[in-house]
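Visitor: Chain residues, written in single-letter form:
There are 4 protein chains.
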Amino acid sequence: VTVDSCTLGENRYGKSRIRMVRVRRGERHELWDLRVDVALSGDFLAAHRDGDNAAVLPTDTMKNTVYALANDEPSSDIERFGVILARHFLAQAHAASRAEIKLTERPWSRVESEGRPHRHTFTPGAGGTRVAWVAEQRGGKLEVESGIADLILLKTTDSAFVDFQRDRYTTLRDAPDRIFATSVNARWRYGAADGSDLDFSAVWRAIHAALGSTFAAHKSASVQHTLYAMGEAALAARPELASIHLALPNLHHFLVDLSPFGLDNRDQIYVATDEPHGLIEATLHRK
Amino acid sequence: VTVDSCTLGENRYGKSRIRMVRVRRGERHELWDLRVDVALSGDFLAAHRDGDNAAVLPTDTMKNTVYALANDEPSSDIERFGVILARHFLAQAHAASRAEIKLTERPWSRVESEGRPHRHTFTPGAGGTRVAWVAEQRGGKLEVESGIADLILLKTTDSAFVDFQRDRYTTLRDAPDRIFATSVNARWRYGAADGSDLDFSAVWRAIHAALGSTFAAHKSASVQHTLYAMGEAALAARPELASIHLALPNLHHFLVDLSPFGLDNRDQIYVATDEPHGLIEATLHRK
Amino acid sequence: VTVDSCTLGENRYGKSRIRMVRVRRGERHELWDLRVDVALSGDFLAAHRDGDNAAVLPTDTMKNTVYALANDEPSSDIERFGVILARHFLAQAHAASRAEIKLTERPWSRVESEGRPHRHTFTPGAGGTRVAWVAEQRGGKLEVESGIADLILLKTTDSAFVDFQRDRYTTLRDAPDRIFATSVNARWRYGAADGSDLDFSAVWRAIHAALGSTFAAHKSASVQHTLYAMGEAALAARPELASIHLALPNLHHFLVDLSPFGLDNRDQIYVATDEPHGLIEATLHRK
Amino acid sequence: VTVDSCTLGENRYGKSRIRMVRVRRGERHELWDLRVDVALSGDFLAAHRDGDNAAVLPTDTMKNTVYALANDEPSSDIERFGVILARHFLAQAHAASRAEIKLTERPWSRVESEGRPHRHTFTPGAGGTRVAWVAEQRGGKLEVESGIADLILLKTTDSAFVDFQRDRYTTLRDAPDRIFATSVNARWRYGAADGSDLDFSAVWRAIHAALGSTFAAHKSASVQHTLYAMGEAALAARPELASIHLALPNLHHFLVDLSPFGLDNRDQIYVATDEPHGLIEATLHRK
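Residue numbers (our numbering), protein chains in the order written: chain A, 993 to 1279; chain B, 993 to 1279; chain C, 993 to 1279; chain D, 993 to 1279.
Hints should not be assumed to be uniformly reliable.
Repeated chains share a single entry, so a pair holds when one copy, or any two copies, can fit it.
Simulated pairs of lysine to any residue, SDA-like, Cα-Cα distance not exceeding 25 Å [as the list claims (entries may be wrong)]:
| # | residue 1 | residue 2 |
| --- | --- | --- |
| 1 | Lys-1211 | Glu-1104 |
| 2 | Lys-1133 | Glu-1232 |
| 3 | Lys-1094 | Ala-1201 |
| 4 | Lys-1094 | Pro-1241 |
| 5 | Lys-1211 | Ala-1239 |
| 6 | Lys-1279 | Pro-1066 |
| 7 | Lys-1094 | Gly-1001 |
| 8 | Lys-1279 | Ile-1144 |
| 9 | Lys-1133 | Pro-1231 |
| 10 | Lys-1133 | Glu-1019 |
| 11 | Lys-1094 | Ala-1239 |
| 12 | Lys-1094 | Arg-1179 |
| 13 | Lys-1094 | Glu-1273 |
| 14 | Lys-1133 | Arg-1278 |
| 15 | Lys-1211 | Leu-1000 |
| 16 | Lys-1094 | Ser-1175 |
| 17 | Lys-1211 | Leu-1037 |
| 18 | Lys-1094 | Pro-1231 |
| 19 | Lys-1094 | Asp-1142 |
| 20 | Lys-1279 | Glu-1002 |
| 21 | Lys-1094 | Asp-1189 |
| 22 | Lys-1133 | Gly-1001 |
Calculated directly from the structure, the hints in this document are not laboratory data.
Bound conformation, chain A alone (with noise of 0.2 Å):
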């Protein structure tokens, strides 16, 4: 191995899917059941090059890291935890200049027992899964950023597609009346640089409200014109954000010809299909 013949570019190590389940026993108890991938980079070159270590925290520390600050961490709000632990990595790799966090935070929910919510009973919650992307870079700025990932989203009316362009290869014809089904994955960044003294739960409920919500109220043109207007009403529904970006697959529904068989299917029976499928993406800009 020549020393010269190549250089080192961008590089990252860290843990990935570390599952973390912490239980708060009071009157009630309290679950909080998280995925955390940590990342640092950094000036590896001797790692890499030499198999020289000595700057190399192990990515087993990170695991353990995540269940002791955990143990300590008075909140339930991921992206506290994770502005957390960036400081904690960084404050201990010193060869690191960045760390990144992802948290992914299982939703749960009380049973019902004898008519109200069980008290250490749980059961998952619907609804899509809360996100967090944590980074902080050395010297630099912090960044914090939440999602939603994977809300099942079906309209069975209210969703067009027409007088689109067409070319040679067009066949589809205009749909005046559609389902519209969506796995909606959806990640916003935050106006104030740090965001450190938001209520980052109360902001998640409004943005998951405000999806949905638009989601069934929208005379939907397109995948584009919907997600434009989910956006916009996430921004509208939290000054906190400064942008948001989300990604919208079409997950077709085709309408099946019962022709064949003296049948009339009126807008009633459809196929649901996985792929292929349409996947529209856009970032939107608070002006």
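Since the structure of chain A is already known, use the hints to place chains B, C and D on it.
Guide: Just chains B, C and D now, kept in the frame of chain A:
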């Protein structure tokens, strides 16, 4: 190929993963989202041995049939639709002596919008999936079974596992208080052979509620112990059930040892794992 | 809980997805990568009804046992290891009357390096997964079955499906030449009850080869037709087999209609689909 | 909704998971099995804000186009087909300023039959999947990148991890000899801007071989160390490469502690785990 070297034993063929979505467009739209698996068995020796397809109704036709019959089906009970399909296929496919239909209903709930459930917009419901198995034997009896797939439940206390058998390879210690997490798969049989005048949906909701509330309330000495209590509660909840089979994985949550870090883990920090997992299965019969 | 309301029927418990990797470090390293599922059934009423675990050998102990016995096991036949495990568990767990072991071996082949197979570096092998099921009944017989999971095969010609039964809902046309793609799941029984002196690995390789070459050579009139020929060939290939069960999905590839674009699709362009798919299953017995 | 409240930032739309299988029916049939993802970006504000689809070429048309152009495409290089698709879509969709195509080729090898590769029967090939990313900017340059997805490799020795940084939360001990298992994802750029006269298939095979043989031969001091050696070897293997990005998870295999059972685990019995796992990523540039 010598005809005499082997004999054809049990055989069946059909179409799997037929996805059918039906929309009833009243004042409130009603959504019915199914996956249907169809299988026929009978005298299909000529198809297998000789490549003679005269008695083979194509699996593509099974798919078409699901769409056509769903168009006319008045109910939204998967059990009833399964019976209609099974009878239809036995009537059409003369070589078939048995038709088996499995139906899986994707749970949808209405999106909240302006404080109330929206009339045509849906999001996945929580709490497991409704399943039915229908089989009809030509000239014989109809078998209808119902079930719940993947009802995930977790309790943070009232679960122990102590005083078990120990041998040379046992390192597990008594656990007087542990997390109990599982994903219930339930399947029950009805006392009446054909179940034709049952309110299947009401039964399903009652069994679903009984399983969840029993899991919550039970002082568990083991997965087996809670499984039995859940089965007993299900049989008690609805007299229509003759028996119930339950399969409960034990989705282990291990307390993390924080003592190397000088920390006290007061039953607070756990690591969740998927593999390996315990798996406990049993059938309970009404006396 | 009233003791008299129900009776406990069939039940079993055990550990699933135990992952065990063994390395034998000779001149060439030998890798053995298993997933083991253990289940015991027997008289476990007290555990279920009363929460009395005295007869319950923990599933954690089952996991430990797999590791401990693999350490001493001289062979690399999953069937033999399964027999050892089944006997061990029946000996240890006095309440158990039946032990069932499923073993799945991940296929690894050696990486090519400098023109020859490397002595300690591996990459996954192609051609399906080796599986065994071993069950022992206390005081009864040993059952050993072997199989191949997910052997994916595709032929681009010599496959037809014509002259099938038609009914009102049939729109499928005769296909004199089509793509036939499948993922074979095979499971066979041995003529000798305990199979203790068989060369299981040699049998597996022979059945694997027979299934693949028969699929390739067969002039297929249907999935059933080819399944039968494959089963017949497997039984002919090794006299040790008493029967074989085959399950073949029909992973449809549909010819794309290019005529709207003025193009002639000369059996060239297909769309592959996963759902719905046909599913054909049968057992062949040696005469 | 006021039109002025927000601005549309980056956006793109397209069709994902288009599955296309092409059969060339010569003396030996040639199979080409692709998954294609198409995305266009450009001036689509009217579609988003106003629901005006005049500039939106439907994603359904993208799907048709993939089939139509594959029918006429003489080569079997996914990179070349990607270039043709990108150029076509820029020509057709006047509002688009950028077309991005991702192509994933499912690896198939021929079934052995009668001692030689069969002329029309296939089974999946081992050794990772071939991938290409093609992007064309209107009036700008063409970007072609190639890669290997999910090349799984495991070595049973010549892998260490010692003398790393330790902190309060470090419990990991030096591992002078461990199993190293990974699933390589590689992606490389070419020195020539458009790469139009490269033999992409020859490059791919050379990089594939260099990665595997370097992984095998390397005396690894860490995942980073081996990643760097693999990247260096890839750049050395083919001068066409300008840079290569490698992502290597560390799929941990932990030595099982058999001492509680009085057994000596001589680097023989391991438990394989999927989560958590290390994840090491870096880009190497040719000097």
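Visitor: Now, for every hint given, state plainly whether the structure supports it.
Guide: Right, here's what the structure says about each hint:
Proximity of Lys-1211 to Glu-1104 under the C-alpha cut-off of 25 Å is restricted to the inter-copy arrangement: shortest distance 17 Å between copies versus 36 Å within a copy. Proximity of Lys-1133 to Glu-1232 under the C-alpha cut-off of 25 Å is restricted to the intra-copy arrangement: shortest distance 17 Å within a copy versus 38 Å between copies. Taking the shortest alpha-carbon separations for Lys-1094 and Ala-1201, only the intra-copy value of 23 Å comes in at or below 25 Å, while the best inter-copy value is 34 Å. In this assembly of identical chains, the alpha carbons of Lys-1094 and Pro-1241 lie at most 25 Å apart whether taken from the same copy (23 Å) or from different copies (16 Å).
In this assembly of identical chains, Lys-1211 and Ala-1239 lie within 25 Å of each other by CA distance solely inside one copy; the values are 19 Å within and 43 Å between copies. For the homomeric pair Lys-1279 and Pro-1066, neither the shortest alpha-carbon distance inside one copy (36 Å) nor that between copies (49 Å) is at most 25 Å. Taking the closest pair of Cα atoms, Lys-1094 and Gly-1001 come within 25 Å of each other both inside a single copy (22 Å) and across two copies (24 Å). Proximity of Lys-1279 and Ile-1144 under a CA criterion of 25 Å is satisfied in neither setting, with 29 Å inside one chain copy and 44 Å between copies.
In this assembly of identical chains, Lys-1133 and Pro-1231 lie within 25 Å of each other by CA distance solely inside one copy; the values are 21 Å within and 39 Å between copies. For a Cα distance limit of 25 Å, the shortest separation of Lys-1133 from Glu-1019 qualifies neither inside one copy, at 39 Å, nor across copies, at 53 Å. Taking CA atoms no more than 25 Å apart as the test, Lys-1094 paired with Ala-1239 passes in both settings, with 18 Å inside one copy and 17 Å between copies. Taking the shortest alpha-carbon separations for Lys-1094 and Arg-1179, both the intra-copy value of 12 Å and the inter-copy value of 23 Å come in at or below 25 Å.
In this assembly of identical chains, the alpha carbons of Lys-1094 and Glu-1273 lie at most 25 Å apart whether taken from the same copy (21 Å) or from different copies (16 Å). When the C-alpha separation of Lys-1133 and Arg-1278 is checked against a cutoff of 25 Å, the pair qualifies only within one copy, where the shortest distance is 21 Å, while the shortest distance between copies is 32 Å. Proximity of Lys-1211 to Leu-1000 under the C-alpha cut-off of 25 Å is restricted to the inter-copy arrangement: shortest distance 19 Å between copies versus 51 Å within a copy. For a Cα distance limit of 25 Å, the shortest separation of Lys-1094 from Ser-1175 qualifies both inside one copy, at 20 Å, and across copies, at 21 Å.
Only between protomers do Lys-1211 and Leu-1037 lie at most 25 Å apart by alpha-carbon distance; the minimum there is 17 Å, versus 55 Å within a single protomer. Proximity of Lys-1094 and Pro-1231 under a CA criterion of 25 Å is satisfied intra-copy only: 24 Å inside one chain copy versus 37 Å between copies. In this assembly of identical chains, Lys-1094 and Asp-1142 lie within 25 Å of each other by CA distance both inside one copy and across copies; the values are 16 Å within and 23 Å between. Taking CA atoms no more than 25 Å apart as the test, Lys-1279 paired with Glu-1002 passes between copies only; the shortest distance there is 15 Å, against 33 Å inside one copy.
When the C-alpha separation of Lys-1094 and Asp-1189 is checked against a cutoff of 25 Å, the pair qualifies only within one copy, where the shortest distance is 20 Å, while the shortest distance between copies is 41 Å. Both within a single protomer and between protomers do Lys-1133 and Gly-1001 lie at most 25 Å apart by alpha-carbon distance, with minima of 22 Å and 23 Å respectively.
The structure fails hints 6, 8 and 10 (numbered hints given earlier, in ascending order).
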